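Participant: Okay, here's what each chain looks like letter by letter:
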Amino acid sequence: MICILALVVFGIMGIFSATHRKLAKEAFDCVFRKITFRKCHTGLDSRIKSGITGRILKFSPSIGNFTFKHFESISWIFTIIMIWSVVAVAIGGYNFYVYGNCNGPVENPGFCIFDPQGKNDVTGIGFQYDGPFVYPRIDDDPSLGNNNSKVEIIEFGCFLCPYTKKAEATVKQIISDYGDKVHYVYRDFPLNERHQGSDLHAEAADCALEQGKYWEYHDLLFQNQNMTNHTTVMIELAQQIELNMTQFNACFESMKYKDEVQKDFEDGSKAKVFGTPTFFINGDKIVGPHDYQDFKKIIDKKIRETNES
Amino acid sequence: MNPKIREDFPVLKKGIIYFDSACVSLKPRQVVEASNEYYEEYPACAGRSNHKLGNKVTEKVEESRNTISKFFNAKKPSEIIFTRNTTEGINLIANSFDLNGTVVTTDKEHNSNLLPWIRLKELGKIKHKVVDSLQDNTFNMEKFEQILGEGNVKLVAIHHTSNLDGISVPLKEITKLAHEYNAKVLVDAAQSAGHHELDVKKLDIDFLACSGHKMLGPSGIGCLYGKEEELKKLNPFMLGGETVKESWIDRYELEEIPHRFEAGLQNYSGIIGFAAAVKYVDKIGRNNIHNHEVKLNSKLTHVITGLPVQIIGNRNAEMRGGITSFYSKMDSHAISLILNQSNIMVRSGAFCVHSWFNKHKIKGAVRFSSYVYNTEEEVKVIDDFLNSRLLKMLK
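For the record, the sequence lines run as chains F and S.
Here the working numbering is used: position 115 in the first sequence is 115, and no number is missing along the way.
If you count the second sequence from 1, you need to add 309 to reach the working numbering.
Honestly, I wouldn't trust all of these hints.
Unchecked claim - Derived BS3-like pairs: lysine-lysine, alpha-carbon spacing no greater than 25 Å straight-line:
| no. | chain 1 | residue 1 | chain 2 | residue 2 |
| --- | --- | --- | --- | --- |
| 1 | F | Lys69 | S | Lys511 |
| 2 | S | Lys536 | S | Lys511 |
| 3 | S | Lys638 | F | Lys69 |
| 4 | F | Lys58 | S | Lys322 |
| 5 | F | Lys296 | F | Lys272 |
| 6 | S | Lys542 | S | Lys485 |
| 7 | S | Lys689 | F | Lys58 |
| 8 | F | Lys213 | F | Lys258 |
| 9 | S | Lys485 | S | Lys510 |
| 10 | F | Lys263 | F | Lys165 |
| 11 | F | Lys181 | F | Lys258 |
| 12 | F | Lys34 | S | Lys638 |
| 13 | S | Lys704 | F | Lys58 |
| 14 | S | Lys511 | F | Lys58 |
| 15 | S | Lys542 | S | Lys430 |
| 16 | F | Lys256 | F | Lys270 |
| 17 | F | Lys58 | S | Lys701 |
| 18 | F | Lys39 | S | Lys672 |
| 19 | F | Lys58 | S | Lys608 |
| 20 | S | Lys438 | S | Lys668 |
| 21 | S | Lys672 | F | Lys69 |
For the record, the hints were derived by calculation from the structure and aren't laboratory data.
Model, not experiment: these values are computed from the prediction.
With the hints as extra help, turn the sequences into a complete structure.
Facilitator: Below, the structure written as structure tokens:
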């Protein structure tokens, strides 16, 4: 089985190196003989097995011994993983060709790392903003926790971004666990090119803030993220939390907070935000919906630092 | 052995433990320098051109021939013919000696001393008889005498020290008995020339072939010793430049020995390096080398005896000189490749003695072969590796 792996690995390396090309030929010969039910006579399998075992033995006799005895089974496992990977890549390639996204015909295509056409770039503005990095400020945006806390967590989020939505639970746990020890601020970074209408959501949320019900509205927007008719949904959600609809409609229709949202976006751009959510925690940057533990490590460190200073 | 010897072998600085000297020995600095001297100081041809460089090469080559003839205690330097290696020396005899009878070998000859005779047998030129070894792989004198008694044995072509198991044959008794039956003796001394005292006069050897690369010398050079009267009887099979005194369009007059056997331009650098190697070996002393190897091999044998493996040949290390070969359930190549990862270099497989392995239905073996540069510390490292890391795999 190791010969199949060797053929792939040496085949790729053989593109650049004549030595590996020779090994790839040996591996091919070995694979060909094996699929025709003959014994591999190049000794390549034996050389690889012994070479790997010899290296492991230097550090751990027991693992080396195990590897030597179960080499064929281990080779099978790696071969299956390799075949699975090749199939997954092939499916991704097919999806990309047919649907324009490696994830296939799903409602929400999500992030596709295979991006030869540069579609991913629409979520980032790092390429658009060439000026110097400017660390973002708290500004006058809605916040939770202790306004006087020295540990500031600034999130740049987009109400229609699934990753921002995913990070919501983590944010809530942070607020719940750290309470007054941190000062959390949500700033708008609507990714309109990818999530059309996200700027309207941000403006609507600011209109809710005007009536002191920002966080209720904020949560509802994320809970209803998949609903497509933005304006209707936003009005319905405003009614749900019993906002003064005359005031809300007047605020929303007059685009009262358009400049405020735009300012947030510009501040995010200057801070080199290229996707949402992006968090800034006292100088450290976290991009994406990371696990709670990742945040915890940084927040604890920042709390220690502020206590010491 | 003086530990300073190791300083003469630059490759040892790489931290290797080299136990494959039966295949190719390492080269001391002195040999490399002597070989290089030819290319740097007098890179011309010998015996042909009469300019200064040509004369210098001629002088150096004949000086080397003299050194090597003394090393084997030959009667005259002209009894030494330069060859590429032992294989070429044996093939020279196989193709130049008027055989027309039986050639006797043992059952554990290197391919170099087996295939030429099989070929001649297949061509119908000789009969080939084999002396099977005793149970412990030592020479079966009784069987040998029996074959000689069957008559018409023209040549006994025999190894001195086996590259399979390191066991040496009793050369003196063999030559004595062979001569009683009017057979000549050709000795394959590839494994013994740099390890044992070899006095061709005392042992009454008719022909002896050896290689430089197994006795600290350069690759691609060896020699064939032959008694003067025997060499004169040979009919050279390879002719060309320097092998004739004169030639006409329809005939030629052969050169004197040894030049009539050295066709074409020779490996002068190799010859000069070979002589340097012989001097180096002589300086240390072949008895000292042999004793050193036996001492190391005794310790190595003690280590290997404790493993679940089978040593090839007699278990007494003294009988195996510097060689220990063993086989086990584990593939021999796998063992050597694993050792190689820890910079321990040994030989695996059939060591060109396929006939013996096929006869005994053994797939292959691992061979440790030591030389002057090996040490007891290295044996300790091998002991540690075999016992602490490889033991479970051997079971």
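Participant: Hey, S:Lys704 versus F:Lys58, does the alpha-carbon distance stay inside 25 Å?
Facilitator: This hinted pair holds, its Cα atoms lying about 19 Å apart.
Participant: Can the restraint linking F:Lys58 and S:Lys322 be considered satisfied, given a maximum Cα separation of 25 Å?
Facilitator: holds (20 Å)
Participant: Take a quick look at whether S:Lys542 and S:Lys430 sit within 25 Å of each other, Cα to Cα.
Facilitator: holds (22 Å)
Participant: Please verify whether F:Lys256 and F:Lys270 have alpha carbons no more than 25 Å apart.
Facilitator: holds (23 Å)
Participant: Straight-line Cα separation of F:Lys58 and S:Lys608 no greater than 25 Å?
Facilitator: At roughly 23 Å apart (the allowed maximum being 25 Å), S:Lys608 and F:Lys58 satisfy the hint.
Participant: Hey, F:Lys69 versus S:Lys511, does the alpha-carbon distance stay inside 25 Å?
Facilitator: violated (54 Å)
Participant: Hey, F:Lys34 versus S:Lys638, does the alpha-carbon distance stay inside 25 Å?
Facilitator: holds (23 Å)
Participant: S:Lys542 and S:Lys485: Cα distance at most 25 Å?
Facilitator: holds (21 Å)
Participant: Checking one constraint from the list: CA of S:Lys438 to CA of S:Lys668, max 25 Å. Satisfied?
Facilitator: holds (15 Å)
Participant: Take the C-alpha atoms of S:Lys485 and S:Lys510, compute the straight-line distance between them, and say whether it is at most 25 Å.
Facilitator: holds (12 Å)
Participant: Checking one constraint from the list: CA of S:Lys689 to CA of F:Lys58, max 25 Å. Satisfied?
Facilitator: holds (16 Å)
Participant: Going straight from one Cα to the other, do F:Lys39 and S:Lys672 come out at no more than 25 Å?
Facilitator: Since the Cα atoms of F:Lys39 and S:Lys672 sit roughly 15 Å apart, the hinted pair holds (cutoff 25 Å).
Violated hints, in rising order: 1, 11 and 14; the structure is consistent with all others.
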